[in-house]
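Colleague: Residue numbers (UniProt numbering), protein chains in the order written: chain A, 1 to 407; chain B, 1 to 407; chain C, 1 to 407; chain D, 1 to 407.
Since the list gives no way to pick out one identical chain from another, each pair is judged satisfied if it fits inside one copy or across any two copies.
Derived lysine-lysine pairs resembling DSS-like cross-links, with alpha carbons at most 25 Å apart:
hint, residue 1, residue 2
1, 341, 280
2, 398, 387
3, 234, 289
4, 387, 303
5, 285, 340
6, 340, 280
7, 303, 234
8, 284, 341
9, 387, 285
10, 340, 234
11, 198, 2
12, 35, 2
13, 12, 205
14, 192, 110
15, 275, 387
If you're looking for bench data, these hints aren't it; they were derived computationally from the structure.
For reference, the chains in residue letters:
There are 4 protein chains.
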Amino acid sequence: MKTLVKLDLDKKPWEQEGQIHNRWHPDLPMIAMVKPGDEFRVECMDWTGGQIGNNDSANDVRDVDLTQVHYLSGPIGVEGAEPGDLMVVEILDVGTFEDSQWGFNGIFAKENGGGFLVDQYPEARKSIWDFHGIYTTSRHVPNVRFAGIMHPGLIGCLPSKELLDKWNKREGDLIATEPDRVPELALPPNPKSAVMGKMSGEAAKKAALEGARTVPPREHGGNCDIKNLTKGSKVYFPVYVKDGGLSMGDLHFSQGDGEITFCGAIEMAGYLDIKVSLIKDGVKKYGIKNPIFEPSVLTPTYKDYIIFEGISVNEQGKQLYLDVNEAYRQACLNAIEYMKKFGYTGAQALSILGTAPVEGHISGIVDIPNACATLWLPTEIFDFDMKPNADGPKVMVKQGIDTAKTS
Amino acid sequence: MKTLVKLDLDKKPWEQEGQIHNRWHPDLPMIAMVKPGDEFRVECMDWTGGQIGNNDSANDVRDVDLTQVHYLSGPIGVEGAEPGDLMVVEILDVGTFEDSQWGFNGIFAKENGGGFLVDQYPEARKSIWDFHGIYTTSRHVPNVRFAGIMHPGLIGCLPSKELLDKWNKREGDLIATEPDRVPELALPPNPKSAVMGKMSGEAAKKAALEGARTVPPREHGGNCDIKNLTKGSKVYFPVYVKDGGLSMGDLHFSQGDGEITFCGAIEMAGYLDIKVSLIKDGVKKYGIKNPIFEPSVLTPTYKDYIIFEGISVNEQGKQLYLDVNEAYRQACLNAIEYMKKFGYTGAQALSILGTAPVEGHISGIVDIPNACATLWLPTEIFDFDMKPNADGPKVMVKQGIDTAKTS
Amino acid sequence: MKTLVKLDLDKKPWEQEGQIHNRWHPDLPMIAMVKPGDEFRVECMDWTGGQIGNNDSANDVRDVDLTQVHYLSGPIGVEGAEPGDLMVVEILDVGTFEDSQWGFNGIFAKENGGGFLVDQYPEARKSIWDFHGIYTTSRHVPNVRFAGIMHPGLIGCLPSKELLDKWNKREGDLIATEPDRVPELALPPNPKSAVMGKMSGEAAKKAALEGARTVPPREHGGNCDIKNLTKGSKVYFPVYVKDGGLSMGDLHFSQGDGEITFCGAIEMAGYLDIKVSLIKDGVKKYGIKNPIFEPSVLTPTYKDYIIFEGISVNEQGKQLYLDVNEAYRQACLNAIEYMKKFGYTGAQALSILGTAPVEGHISGIVDIPNACATLWLPTEIFDFDMKPNADGPKVMVKQGIDTAKTS
Amino acid sequence: MKTLVKLDLDKKPWEQEGQIHNRWHPDLPMIAMVKPGDEFRVECMDWTGGQIGNNDSANDVRDVDLTQVHYLSGPIGVEGAEPGDLMVVEILDVGTFEDSQWGFNGIFAKENGGGFLVDQYPEARKSIWDFHGIYTTSRHVPNVRFAGIMHPGLIGCLPSKELLDKWNKREGDLIATEPDRVPELALPPNPKSAVMGKMSGEAAKKAALEGARTVPPREHGGNCDIKNLTKGSKVYFPVYVKDGGLSMGDLHFSQGDGEITFCGAIEMAGYLDIKVSLIKDGVKKYGIKNPIFEPSVLTPTYKDYIIFEGISVNEQGKQLYLDVNEAYRQACLNAIEYMKKFGYTGAQALSILGTAPVEGHISGIVDIPNACATLWLPTEIFDFDMKPNADGPKVMVKQGIDTAKTS
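Please put together the full structure from these sequences, using the hints given.
Modeller: Take a look at the structure:
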């Protein structure tokens, strides 16, 4: 496996010889060209580019500079790729670096991005997760261990200018509806901290002014945070510019559906082994708007779950209309309350939902006025039996430990 | 297995000796009492009580009287059950009636309930599904066959008066925000067509005026339409009234996550084999708000999927804020477009999404402003290869057939 | 589903209007003809034809008359089937009779057939298993419950005269090597108790003299006792006579790989729903000697196992050469010793291996002189944690109970 | 992860600073000591110590010097381990070396070990398998690709002197029954090519004369060739000497049940990440004779199989008595004939059975006189549809290619 993108983790993202960028722009030059059928390795920094330390303070999570993220490796060009093609990307492997056997999970502060349960958990928190081969454990969240489902949180092809403009327009329109909201509704282009790969000079400055931020998933894929894009999966990405321009990063050792803590997965540096090919004119042939993918034959086979239902009535008792977000929020809150009965703190329980291979299902979405969502919590990841029984729950979790706080 | 509720399918719901009701009310008398540990069989009508025929016209779907639904069997009391307990319900089996080896899927008209894709599919449609042991096929949707994951769409315990009042209040408040909407935002109490089980006279009339409609899932479970409540699963329901009062119905032969066609599953008459027990004071012990459950060891093991992503930008290009409903709608629309390339009509493809064991996952829900949802379509259910390849799709589906229309 | 074979379980096998036979012979008349594509139901007696009772004595197991078994329903002809075709048999469903919700497991006495561990367990024993929907439990084997994987132990097409002669010749040759062995090496044709379906008079007598016994699996399938021929599977049987002649019986609610107690599964009466079709000349086209099959998408998904290794060194320490039987015997004995530590008697543990969905794998078969076999025991079927830990095992099984003995 | 055993693959096994041995002997000195709870990495050579090249000739397979094998890394001591304890070994990870992304599969010649189908395939053959992340393909066996289930073929603790003597006695007794057989019945101690780790001088010479060969699995585990000892599994090994002495090697990228080609898996160099702990006096507490293990949550999830039955009648039509080896041999031969219909050569088909994740089940083992074994061939590993259909098979495999032969 040829290493196409080789990084030096002791250097900053902008010192990596132009192999990294943190904005989406059609003019980003390819950092390398490959042929259809090629297999190669791409190294990636963690999404923050090294802002978070393996320590017991959440100060760094509180202070993350979101204008910097996400640091992506690429773009990589595929010979012959043209707009309208599908780029077929097989994720042959995802791996960790031998000297970096840990990752982090952050609950972001309300003032800095927030998260899915920001009202209940408005303060920055952090947990560090150590890797033990296929498994991970955390000194901040005891009595739980699970197998990782490693994947890139963020991967996709460069947008065309037209697509970029569309993104900026529609997201700007949204921001304009409530420009002072905290957390903000969306992140507009912002040249601060922009790293534009191999662009330089005026071109880079101009591109930084209009380059799309990397936070949301969009038509091209991007920051989909789909835990199932793991080793062995196969993704079909729309191509928008000549050569395609595939970029990737935001590697996760594991993540739960929804990535609900925002910095939600177990974030890590690592590498991807990739094989690329093309389906010419595939976008039209298959009627593709967003990427589609096939899952891997190699994923953790947890199957013994406690499943929590949630409906779209909020904590204040207000009835919302077929709102899956609210239903899933309630399912998550229900799961947290349940886990607390065994001795977890709320923040620990929340971290488990963000990092462990929990599943989030849209169960019923037509039965007015309530949507019903289900959160599937695998019971095998705990080292105690956490199913209900006639005796009721006991405190089984080691006490006196919590996720790292700010100081 | 003792049959506790024995129906005569040739009779109307209100002719079943008081064993059926179609409103939730605390005063509904128990139709039978069982002991913790008992196992018993409960027969159920289809949710419409026989309004839909095994024929090739969607007129009956168009004309379904929604004031009638859902017809539930029960309530069944459990000796010793008190408010605050958890009623543990093991679904030992779900079965069909030997002389009723078919079910129906309906796309509801915009004027009569609508559905998840009501804008694209505003007209009533119907498909009939024949059962072949564990499998089902439809004369209206060719080239597809799948194993059922039979389950009750609707099951739960009677609400207390206090809970009923809360439901009526919050749903009324929602309706009041847009009282003339089509389809309506929620369904208020309506004495028309109310069937109140063993209640009669003035008490029945009064209860019908305030009894909650059965359409939405609520705190007690109810119409959750969770396909995974299948034979072998175990559900923990909160108890709100003395004896609990467990009712059930709306049996499905199969359903996709979301039940997106509204009458969305393969609806059928059939029976449930149930075992009940109690966890005294379990609501408080385990911090339960909504039911929780454990899945079955016996569910179809489809694992080869095409997965469609959707983000919360609507067809008009409008950016919505972290809206999972919209993201899932887009994923569904993407899947339909894809299936059309192989020769399905849109309505057929929609019916497949409603009936087959598709999975709907909440994948990313924090990456502002886009939620990302994924629709998992099992490829093994088709009798042709529907994965993308370099040659592009071919029409593989038998042409000249469609879901039944209205006349 | 049309019922093609309808039995009266209160009658004897030979009183079932010629729908049952217990020998394999090419001249058995078809009891019904179907067309390719037809679906139909076939009812079956338990393999002994009702010799075993739902009681607490093993006398009936001790006294089973093996000249009677197995009672099969059929043969059913398929129009157009000719020698050399493959008959495609889809097992659409397997079901129990509503008024016969139990089955039995027998350890056969050394004098009457014996079993895989006959040296350790030479006496007749019985356990009765009650059905609870998809699950089963036994009053003779406490603290264990599992989902059934219902299947016909015995199914296949009639042999040709030529094939029958081959069977009788080769099995006779084997018997001749040790004619007085107990248990016997094989069972020769024996007219005693022969039931020859719709044959009568001299023809029946003659056929009974040469008809093959039903005990072993052979080229046509027959008594394969493969637990995976469950509802949803698809089997391809060689056809040897005009119309094929499909017969079936020996239904099991559940069975472990190997069926090691001989009457080894949970034996029951019940029905099969079947769909048949043909692959003309399929035997030659696909190079088929024995049946092949595709598994079901619907089987219990136990996945948490304790796995026991065995090698081909017997209890006396004698080294055998690459002997999988011995290796599997040792793995079984190892599992039994392990289970005893939690309080099971040996006979109970043996019954669990015979009935529960244990897997038997041929792991290594070339590493001279030891074969290595593994027995996979699902841990989820026990209501206590039976994995090893630092504290050692505790007696968790209810004491004072055992499998039924003879009196 | 600390690397406890660090090898130089450019050197010979006996040049690795005493970290490697190829005989089992109680006096082998520990090469390192660890504490219970420690995690560490162990590098391993391929089982032949580099005798096989990545080329297109089977000469090296033909000429393998079996007195050399298997080269094991260890023994590693665990502080506090005493005879009678169980050493708990968690296989946290199994990995390949970045500069050695290939493995080999060999069919051994009759004169040099042979294999399971030695009569049909008596000549040496070789196939080279390239690794692509989690997948492997071979230039010698086209149209097939599968995910590896990496595992050590050989792992276990040192025997005591008493156990060693028992092995040598019983295997010697077997050899004595047919001392001139080709292939031989078992491999006696042989000082030729013995590598005795950190032993030297007279002690090493003496130990080499009595040290057990590594080929068979035995009570301590050893060369079990169980494909399921993959990353994420947990094994409990009996301890026979002070400190235990855990050794391992014979790494496989993938293997089918039975490892039927003898050099049957995809053999490779690589590393194991291991965690060890102890259950004091566990052998007696749990009644352990052979190792037991728990499978991983992370294994390839192939589930769509063609399953081949075999019975214990050999190719000459001779009836054997309940002989699972013969039944499995017949199932394997049946599978090979079937694969040939799609264009594979026999040797290619055999290589697939040896390398791919096929399952070998002991299905029925009591139905005298025929054992029934089943071979499960995953259909998803082929890039064409290989299930039977009415049209019959077509040659789908690229022609003109075969496994490498001798010259």
